[in-house]
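Engineer: The primary structure of each chain is shown beneath.
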Amino acid sequence: MNIRELRGSRQKTLVYALVLIPFILFLYILILPLGTSVYYSMCSWKGVGEPKFILLDNYSKLMKDRNFWLVVSNTLFYSLYCTIGQVGIALLVSLLLTGKTLLLRSFHRAVIFFPVVMAPVVVGFVWRIAYNADYGFVNTIFTALGMQDSIRYWLDDVNIVLTTVSIPVIWQYIGLYMVILLSAITSIPTEVYECAELDGANGIKRSFYITLPMIWDTLKIVIILVASGTMKIYDHIYVLTGGGPGRASMSMAVYAYQNTFKFGNFGYGSAISVIILVIALLIGLFVQGLMGRKRV
Amino acid sequence: MKKKTNQGFSLRKFLTALIINLPVWLLSLSCIFPVLWLLYSSLKTQQEFAISSLSLPSALQFSNYTQAFATANFGTFIINSAKNGMFSLLLVVFVSFVMGYLLSRYRFRGRGFIYVLLMAGIMIPVHALMVPLFIQFKGLGALNQWYTLIPVYVAFEVPVSVFLIDSYLKGVSTDMEDAASIDGAGLLQTMFQIIMPICQPVLATVIILTFMHVWNEFPFAQILVSSKSLKTIPVGLTYFTTDHSTNYTLLLAALAMATLPVILIYLAFYNKIMEGMMAGAIKG
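Chains A and B are the protein sequences, given in the same order.
The first sequence lines up with residues 1 to 296 when you count with my numbering.
The second sequence lines up with residues 1001 to 1284 when you count with my numbering.
Hints should not be assumed to be uniformly reliable.
[Said to hold, decoys possible] With a cut-off of at most 25 angstroms between alpha-carbon atoms, the simulated SDA-like pairs for lysine to any residue come out as follows:
{"id": "1", "chain 1": "A", "residue 1": "Lys-262", "chain 2": "B", "residue 2": "Ser-1227"}
{"id": "2", "chain 1": "A", "residue 1": "Lys-220", "chain 2": "B", "residue 2": "Lys-1228"}
{"id": "3", "chain 1": "B", "residue 1": "Lys-1083", "chain 2": "B", "residue 2": "Ile-1032"}
{"id": "4", "chain 1": "A", "residue 1": "Lys-100", "chain 2": "B", "residue 2": "Thr-1238"}
{"id": "5", "chain 1": "B", "residue 1": "Lys-1013", "chain 2": "A", "residue 2": "Leu-34"}
{"id": "6", "chain 1": "B", "residue 1": "Lys-1083", "chain 2": "A", "residue 2": "Leu-25"}
{"id": "7", "chain 1": "A", "residue 1": "Lys-12", "chain 2": "B", "residue 2": "Pro-1197"}
{"id": "8", "chain 1": "A", "residue 1": "Lys-12", "chain 2": "B", "residue 2": "Pro-1023"}
{"id": "9", "chain 1": "A", "residue 1": "Lys-100", "chain 2": "A", "residue 2": "Leu-25"}
{"id": "10", "chain 1": "B", "residue 1": "Lys-1170", "chain 2": "A", "residue 2": "Leu-6"}
{"id": "11", "chain 1": "B", "residue 1": "Lys-1013", "chain 2": "A", "residue 2": "Val-192"}
{"id": "12", "chain 1": "A", "residue 1": "Lys-12", "chain 2": "B", "residue 2": "Gly-1110"}
{"id": "13", "chain 1": "A", "residue 1": "Lys-220", "chain 2": "B", "residue 2": "Ile-1124"}
{"id": "14", "chain 1": "A", "residue 1": "Lys-100", "chain 2": "B", "residue 2": "Pro-1023"}
{"id": "15", "chain 1": "B", "residue 1": "Lys-1228", "chain 2": "A", "residue 2": "Phe-261"}
{"id": "16", "chain 1": "B", "residue 1": "Lys-1013", "chain 2": "B", "residue 2": "Trp-1025"}
{"id": "17", "chain 1": "A", "residue 1": "Lys-52", "chain 2": "A", "residue 2": "Leu-34"}
{"id": "18", "chain 1": "B", "residue 1": "Lys-1013", "chain 2": "A", "residue 2": "Tyr-209"}
{"id": "19", "chain 1": "A", "residue 1": "Lys-12", "chain 2": "B", "residue 2": "Gly-1186"}
{"id": "20", "chain 1": "A", "residue 1": "Lys-262", "chain 2": "A", "residue 2": "Leu-34"}
{"id": "21", "chain 1": "B", "residue 1": "Lys-1228", "chain 2": "A", "residue 2": "Val-158"}
{"id": "22", "chain 1": "A", "residue 1": "Lys-12", "chain 2": "A", "residue 2": "Ile-24"}
{"id": "23", "chain 1": "B", "residue 1": "Lys-1272", "chain 2": "A", "residue 2": "Ile-221"}
{"id": "24", "chain 1": "A", "residue 1": "Lys-64", "chain 2": "A", "residue 2": "Ile-185"}
{"id": "25", "chain 1": "A", "residue 1": "Lys-12", "chain 2": "B", "residue 2": "Gln-1145"}
{"id": "26", "chain 1": "B", "residue 1": "Lys-1170", "chain 2": "A", "residue 2": "Leu-20"}
{"id": "27", "chain 1": "A", "residue 1": "Lys-262", "chain 2": "A", "residue 2": "Trp-45"}
{"id": "28", "chain 1": "A", "residue 1": "Lys-205", "chain 2": "B", "residue 2": "Ser-1227"}
{"id": "29", "chain 1": "B", "residue 1": "Lys-1272", "chain 2": "A", "residue 2": "Ala-110"}
{"id": "30", "chain 1": "A", "residue 1": "Lys-46", "chain 2": "B", "residue 2": "Gln-1145"}
{"id": "31", "chain 1": "B", "residue 1": "Lys-1138", "chain 2": "A", "residue 2": "Gly-88"}
{"id": "32", "chain 1": "A", "residue 1": "Lys-220", "chain 2": "B", "residue 2": "Pro-1125"}
{"id": "33", "chain 1": "B", "residue 1": "Lys-1083", "chain 2": "B", "residue 2": "Ile-1182"}
{"id": "34", "chain 1": "B", "residue 1": "Lys-1272", "chain 2": "A", "residue 2": "Gly-47"}
{"id": "35", "chain 1": "A", "residue 1": "Lys-12", "chain 2": "B", "residue 2": "Ile-1182"}
{"id": "36", "chain 1": "A", "residue 1": "Lys-100", "chain 2": "A", "residue 2": "Leu-212"}
Derived by calculation from the structure, the hints in this document are not laboratory data.
Predicted, not measured: the structure shown is a model, and the values here were computed from it.
All chains, full assembly: derive it from the sequences and hints.
Structural biologist: If you want it as structure tokens, here you go:
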């Protein structure tokens, strides 16, 4: 271990000062708000005057709020959809990328990763224009392919808006999870594959019986990241639809924003924030439990 | 006979190659096309765009870009983003290097506690902090100032940066530091003159990641700062649809300007970004 000793009390004071000053800032901005949101979630506060303590009234109001249940189910839908889409596609592509038959491997890797570094707001706008009924290239492409029947009002149709909003999110982050999975796959020792090849296992068998079990832990982490990470989906929705039509595509984070900053119900907004944290935590534990037992 | 099986074999090989290459190509094209489309469409006139949104521009029109500056305050947004980015970068590099180094090299009371909380900070879904952080800043009177966003961004970036620097330093032996302290160098001198240059590669990763995150950040810039003269680019972009609702090429030029620095940095530091994003992926 590369550990050094602190010499004298002057050095000790210096180290504490250098570490504690930024640490206090960190506590104030990242840790304290957890407490603040719990406290204000038990208050009625319009942003001015004294907050009134009302214990769990906000929560019981939430339980009866139909819009709240709608945004919860929307968010869980996004979470499920993004998990299947992102992890599924990322896994498939990373398996293909590690195969011997693929050409231009590093080109594909670089290109597929690029959307990850774009601003979610920019991605939202690009897709919003792409989906536009008059100018959008999505409809232009469908027309060019002779699939006029598939043309829709992509962002105005209540029945499909959850899917059309998910697509840009999935699209943007495939690259991130692909790169994580790729690094896990390339760290599998090549001897394992050589043995399998000698035993006559083909590419698909190798993927199922060697690669998948060997990257199981990484896959688990990736699924937790996507599933609980999607709980905070905000930028894309804000730009694409603003949560509409109605609240058909609204996520919990957008609903918390709306209640707090548009309607001025700080207590109610805080309660929604607390529930976002709780659900994100529960999803993490759920995936952990689900995949932990299946470990090969 | 033998020839025939050979042919069948190579046809099969060709088909396998096609099945493997085709979907990856489709995904790659879908990833690169919207970006290219954004760049070339921003050079079209509004009429051209209205006639066909896919066609290439007949002539390169930079009027959308000049108009974004002239009528839509884009210059102000760029200056604000640059200011936030620069201060956040300097502070993140300084703070995370100092914390990373001290936490990695020295054992002192409270170290474990600080480290665990910092790492927990990586996992917190920050969007759930929008409302409480607004309330806290309101209480302090720190909303809507030129500096408002800087401590927020620093606090968001420090945990993962400390993690990166700490992991990097685990692979660096203490020989140089020991030699320096025998020569009588103090803690600060050793830290900044000997270790900081050694950490250059990981600090570069920290700088690039921080820049990307700060440049792209939207929700906190949207809620913590309300006056238009302090808004950053991502928030400024949302005005284009409310204030100039039908002018798509103007919006596209603004989107392109928001993306160009990211493209350039990506091309220049591709490997560093990859490496940092992977290590920082847990941040999500």
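Engineer: Each hint needs a verdict: does it hold in this structure or not?
Structural biologist: Going down the list of hints, with the structure as the test:
no., hint, in the structure
1, A:Lys-262 to B:Ser-1227, "holds, 16 angstroms"
2, A:Lys-220 to B:Lys-1228, "violated, 43 angstroms"
3, B:Lys-1083 to B:Ile-1032, "violated, 30 angstroms"
4, A:Lys-100 to B:Thr-1238, "violated, 45 angstroms"
5, B:Lys-1013 to A:Leu-34, "violated, 57 angstroms"
6, B:Lys-1083 to A:Leu-25, "holds, 20 angstroms"
7, A:Lys-12 to B:Pro-1197, "holds, 24 angstroms"
8, A:Lys-12 to B:Pro-1023, "violated, 58 angstroms"
9, A:Lys-100 to A:Leu-25, "violated, 50 angstroms"
10, B:Lys-1170 to A:Leu-6, "holds, 18 angstroms"
11, B:Lys-1013 to A:Val-192, "holds, 24 angstroms"
12, A:Lys-12 to B:Gly-1110, "holds, 12 angstroms"
13, A:Lys-220 to B:Ile-1124, "holds, 18 angstroms"
14, A:Lys-100 to B:Pro-1023, "holds, 15 angstroms"
15, B:Lys-1228 to A:Phe-261, "holds, 17 angstroms"
16, B:Lys-1013 to B:Trp-1025, "holds, 18 angstroms"
17, A:Lys-52 to A:Leu-34, "holds, 19 angstroms"
18, B:Lys-1013 to A:Tyr-209, "holds, 23 angstroms"
19, A:Lys-12 to B:Gly-1186, "holds, 12 angstroms"
20, A:Lys-262 to A:Leu-34, "holds, 22 angstroms"
21, B:Lys-1228 to A:Val-158, "violated, 33 angstroms"
22, A:Lys-12 to A:Ile-24, "holds, 18 angstroms"
23, B:Lys-1272 to A:Ile-221, "holds, 22 angstroms"
24, A:Lys-64 to A:Ile-185, "violated, 47 angstroms"
25, A:Lys-12 to B:Gln-1145, "violated, 35 angstroms"
26, B:Lys-1170 to A:Leu-20, "holds, 22 angstroms"
27, A:Lys-262 to A:Trp-45, "holds, 14 angstroms"
28, A:Lys-205 to B:Ser-1227, "violated, 59 angstroms"
29, B:Lys-1272 to A:Ala-110, "holds, 12 angstroms"
30, A:Lys-46 to B:Gln-1145, "holds, 22 angstroms"
31, B:Lys-1138 to A:Gly-88, "violated, 43 angstroms"
32, A:Lys-220 to B:Pro-1125, "holds, 18 angstroms"
33, B:Lys-1083 to B:Ile-1182, "violated, 42 angstroms"
34, B:Lys-1272 to A:Gly-47, "violated, 44 angstroms"
35, A:Lys-12 to B:Ile-1182, "holds, 19 angstroms"
36, A:Lys-100 to A:Leu-212, "holds, 17 angstroms"
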